[in-house]
Amino acid sequence: MKDVYILGIESSCDETSISIVKNGKEEIVTTTLSQIDIHKKFGGVVPEIASRSHAECITIVIEDCFKKANMTMDQIDAIAVTYGPGLAGSLLVGVEAAKTLALAYNKPLIGVNHMAGHIYANNLVDTMDFPLICLVISGGHTEIIYMDEDLSFKRIGSTIDDSVGEAFDKVARVIDVPYPGGPVIDKLSKIGKDSYELPLPMDDNSYNFSFSGIKSAVINLVHNEKQRGNEIRKEDLATSFENIVVKTLTKKTMKAIDEYKVKELLVAGGVSANSGIRDEFKRLCDKKGIKLVVPNINYCTDNGAMIAAAGYYYYKKGLFSDYSLKINPSLDL
Amino acid sequence: MNEYKLTTRCEEDTISIAENLEAEKFPGMVICLNGELGSGKTVFTKGFAAALGISETITSPTFNIIKEYLNGEMPLYHMDIYRLEDNPESTGLLDYFDKDGVVIIEWANMIEDYLPEERLDVYFKVIEEDKRIIKFIPHGQKYEELCEDAL
Amino acid sequence: MISLFLDTSSKKLVVILVKDKEIIGKKELESINDHSSYLVPFIKELLDLNNIKTNDINKIFVVNGPGSFTGTRIGVTVGKVLAFSNNIPVIPVSSLKQYIFSLENYDYYVSIIKDKNNRMYYGIYDKDYNDIVVDKYQTKDVFLKDINDLKNVVFISEEEIDGIDTIKPILNINKLIDYYKDKEINAHYLKPNYLKKIDAEDKL
Numbered sequence: 001m002k003d004v005y006i007l008g009i010e011s012s013c014d015e016t017s018i019s020i021v022k023n024g025k026e027e028i029v030t031t032t033l034s035q036i037d038i039h040k041k042f043g044g045v046v047p048e049i050a051s052r053s054h055a056e057c058i059t060i061v062i063e064d065c066f067k068k069a070n071m072t073m074d075q076i077d078a079i080a081v082t083y084g085p086g087l088a089g090s091l092l093v094g095v096e097a098a099k100t101l102a103l104a105y106n107k108p109l110i111g112v113n114h115m116a117g118h119i120y121a122n123n124l125v126d127t128m129d130f131p132l133i134c135l136v137i138s139g140g141h142t143e144i145i146y147m148d149e150d151l152s153f154k155r156i157g158s159t160i161d162d163s164v165g166e167a168f169d170k171v172a173r174v175i176d177v178p179y180p181g182g183p184v185i186d187k188l189s190k191i192g193k194d195s196y197e198l199p200l201p202m203d204d205n206s207y208n209f210s211f212s213g214i215k216s217a218v219i220n221l222v223h224n225e226k227q228r229g230n231e232i233r234k235e236d237l238a239t240s241f242e243n244i245v246v247k248t249l250t251k252k253t254m255k256a257i258d259e260y261k262v263k264e265l266l267v268a269g270g271v272s273a274n275s276g277i278r279d280e281f282k283r284l285c286d287k288k289g290i291k292l293v294v295p296n297i298n299y300c301t302d303n304g305a306m307i308a309a310a311g312y313y314y315y316k317k318g319l320f321s322d323y324s325l326k327i328n329p330s331l332d333l
Numbered sequence: 334m335n336e337y338k339l340t341t342r343c344e345e346d347t348i349s350i351a352e353n354l355e356a357e358k359f360p361g362m363v364i365c366l367n368g369e370l371g372s373g374k375t376v377f378t379k380g381f382a383a384a385l386g387i388s389e390t391i392t393s394p395t396f397n398i399i400k401e402y403l404n405g406e407m408p409l410y411h412m413d414i415y416r417l418e419d420n421p422e423s424t425g426l427l428d429y430f431d432k433d434g435v436v437i438i439e440w441a442n443m444i445e446d447y448l449p450e451e452r453l454d455v456y457f458k459v460i461e462e463d464k465r466i467i468k469f470i471p472h473g474q475k476y477e478e479l480c481e482d483a484l
Numbered sequence: 485m486i487s488l489f490l491d492t493s494s495k496k497l498v499v500i501l502v503k504d505k506e507i508i509g510k511k512e513l514e515s516i517n518d519h520s521s522y523l524v525p526f527i528k529e530l531l532d533l534n535n536i537k538t539n540d541i542n543k544i545f546v547v548n549g550p551g552s553f554t555g556t557r558i559g560v561t562v563g564k565v566l567a568f569s570n571n572i573p574v575i576p577v578s579s580l581k582q583y584i585f586s587l588e589n590y591d592y593y594v595s596i597i598k599d600k601n602n603r604m605y606y607g608i609y610d611k612d613y614n615d616i617v618v619d620k621y622q623t624k625d626v627f628l629k630d631i632n633d634l635k636n637v638v639f640i641s642e643e644e645i646d647g648i649d650t651i652k653p654i655l656n657i658n659k660l661i662d663y664y665k666d667k668e669i670n671a672h673y674l675k676p677n678y679l680k681k682i683d684a685e686d687k688l
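Residue numbers (the numbering used here), protein chains in the order written: chain A, 1 to 333; chain B, 334 to 484; chain C, 485 to 688.
Okay, chain A solo, but in the shape it has when bound:
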């Protein structure tokens, strides 16, 4: 079987990232705009690239990608690009760039769902054994997905208000902790005690999540303590908050694993970098003999490799797009 190289383009939100992945599993190279030293690129003479926005820098990222990989477009079998969900202005740049590359080099074009990308980031770590449950947790998503084969996604639960990533950021704002809140809260929770009482949200039989209640509870708690003249112990509040998040995520996810009788759990998305969440899932999965796959830290956040990985499976199934591919900012799985 010939090796298949997919070029993956991800520009749905804040970052522009382009990667080349072999056979859906092996990352050859990944370039991200935020990592490129633009000034160096132009030998010290800085052109008026006002903002590091996708529209202004896409060709630099493409060039950097192929240079680092020491490859050319001729060696690429297809171009995969995120067409949704995400920010319209950002998605458009990736999609139009992909279409143009496809036209210029006569390569097939593949539109990829950003969420599918997050899930297939795990494929870069280990093979996916179906059926499985995937918990996608990031700034933009909190979902439990069931898969019984490649590219077959069944959403069985999601958040009804804030995503877990937003919950971390908002609580961080309330307790006055620097941005990004997630990693800081994770760090603080290692030294704090679980001494504040917070309610466990949506403690029911559903697979849905809710985090805006915890946010309000923290806000009220801080307000009340201030009124009483008590100082908030940030590390303890971080611990209590993180514990509740871990509890709600693990409780519902493990229940899904039981109900759907799967042997593998994937955790995907930026918040999967949280150590409290990783550790507890590892403990629970070991206990039950469930295979746990979490992505490397670099694959947690938006990147082209996850799009290229997912793109490989679209390629194998012959799911190609044409040049009229439309972005869909509200795309669902």
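In short, the hints are calculated from the structure, not lab data. Please read all numbers here as calculations on a predicted model, not as lab measurements. Some hints could be false.
In silico lysine-lysine, DSSO-like type, Cα no more than 30 angstroms apart, as pairs [stated by the list, open to error]:
1. Lys665/C to Lys505/C
2. Lys537/C to Lys505/C
3. Lys543/C to Lys68/A
4. Lys624/C to Lys432/B
5. Lys432/B to Lys598/C
6. Lys68/A to Lys316/A
7. Lys263/A to Lys291/A
8. Lys537/C to Lys22/A
9. Lys107/A to Lys543/C
10. Lys528/C to Lys22/A
11. Lys326/A to Lys495/C
12. Lys107/A to Lys537/C
13. Lys667/C to Lys611/C
14. Lys68/A to Lys25/A
15. Lys600/C to Lys358/B
16. Lys358/B to Lys598/C
17. Lys537/C to Lys510/C
18. Lys652/C to Lys611/C
19. Lys503/C to Lys107/A
Using the hints provided, position chains B and C relative to the given structure of chain A.
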């Protein structure tokens, strides 16, 4: 310029106000929501969306900045400017004001210079755990009439 | 010489393929909201019709604004990626200036695009098509001050403007290509020309 002030004692009150405003909706309507974290901006939006007949759950747009809901009586564009770092114009955000749907913007005061001159400004103030004082300031005749009829 | 011209900076979409001064393909849409669905398909269609490959193109002209942010972004992205991929020179064209080349014998050319709230984009050029006022975004009052003393002047605008006699914009692609043909830039440098809508003067 008139100001309207209402006190709410629970989430349902906020939702009720949103429903009343929805009843007077028109294409191109812009509602700007301002207020601290947890003051009720998204609760208001949920109430408005439900009245529009949108079946999807309205989730927080803080991370995504813009969320589109297209299956109600009118398209609803729900935005949260808090995280926005780029120039609002270059993100295509302003294009949504021309789309004949309803635009609801949380933390709108962060892009005050870019907002349309005619719009409804709403300010949420937290008094107690569940109590809020909500202030409405209409800009432009359409919005003055809207407030007179709905509030 | 084969030239490709793209304009997605307004509600219009224009794609023109020119070979040695002859228009061998043209696709135009008047009023659309999603240029993204049409731009690359149109380019492909024109190339296929003429049995031309992308790397046969010698120059790419891209209208990079001012105008719609989203629209302009689409044209710029396609233009720069195409230029980069096939190592073709790319040339940015002003959405205002593009229309003056179909006219001659005036001392001044003023090209206008009306925006909301009594504001406009405009450029003022001399009899040799040189820039006097480059791509400005201002209120009508400031515009009127700028054009006050101009004689033997022509005003170009798609929409009518109160108090000013305007003519509709017409594109003379060959004259445009002739004027712009040496103003090539590196594909990496092509970017949308987003005029800052809020500037110091405006706040007065």
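Taking the hints in turn, this is what the structure says about them:
1. About 12 angstroms separates the Cα atoms of lysine 665/C and lysine 505/C, which keeps this hinted pair within 30 angstroms; it holds.
2. Under the criterion of a C-alpha separation no larger than 30 angstroms, the hint pairing lysine 537/C with lysine 505/C is consistent with the structure, at around 19 angstroms.
3. Restraint check: the Cα-Cα separation between lysine 543/C and lysine 68/A comes to about 28 angstroms, which is no more than 30 angstroms; the hinted pair holds.
4. Distance check on the hinted pair: lysine 624/C and lysine 432/B sit about 25 angstroms apart at the alpha-carbon level, within 30 angstroms; holds.
5. Restraint check: the Cα-Cα separation between lysine 432/B and lysine 598/C comes to about 18 angstroms, which is no more than 30 angstroms; the hinted pair holds.
6. Proximity of lysine 68/A to lysine 316/A is assessed by CA-CA distance (about 26 angstroms); at most 30 angstroms being required, the pair is judged to hold.
7. With a CA separation close to 6 angstroms, the supplied pair lysine 263/A and lysine 291/A stays within the 30 angstroms bound.
8. Using a Cα cut-off of 30 angstroms, the hinted pair lysine 537/C and lysine 22/A holds, with the two alpha carbons roughly 28 angstroms apart.
9. Distance check on the hinted pair: lysine 107/A and lysine 543/C sit about 23 angstroms apart at the alpha-carbon level, within 30 angstroms; holds.
10. Restraint check for lysine 528/C and lysine 22/A: the C-alpha separation of about 29 angstroms stays at or below 30 angstroms, so the hint holds.
11. Restraint check for lysine 326/A and lysine 495/C: satisfied, since their Cα atoms lie roughly 17 angstroms apart, inside the 30 angstroms limit.
12. Simply put, lysine 107/A and lysine 537/C have alpha-carbon atoms about 14 angstroms apart, close enough for the 30 angstroms limit, and the pair holds.
13. A hinted pair counts as satisfied when its Cα atoms are at most 30 angstroms apart, and lysine 667/C with lysine 611/C qualifies at roughly 19 angstroms.
14. With a CA separation close to 19 angstroms, the supplied pair lysine 68/A and lysine 25/A stays within the 30 angstroms bound.
15. For the given pair, lysine 600/C sits about 22 angstroms from lysine 358/B by alpha-carbon distance, which is consistent with the 30 angstroms threshold.
16. Among the hinted pairs, lysine 358/B with lysine 598/C is consistent with the structure: their alpha-carbon atoms are about 28 angstroms apart, no more than 30 angstroms.
17. A distance of roughly 16 angstroms separates the Cα atoms of lysine 537/C and lysine 510/C; the hinted pair therefore holds under the 30 angstroms criterion.
18. For a cut-off of 30 angstroms, the pair hint linking lysine 652/C to lysine 611/C stands: about 19 angstroms separates their Cα positions.
19. With a C-alpha separation of about 26 angstroms, the suggested pair lysine 503/C and lysine 107/A falls inside the 30 angstroms cut-off, and the hint holds.
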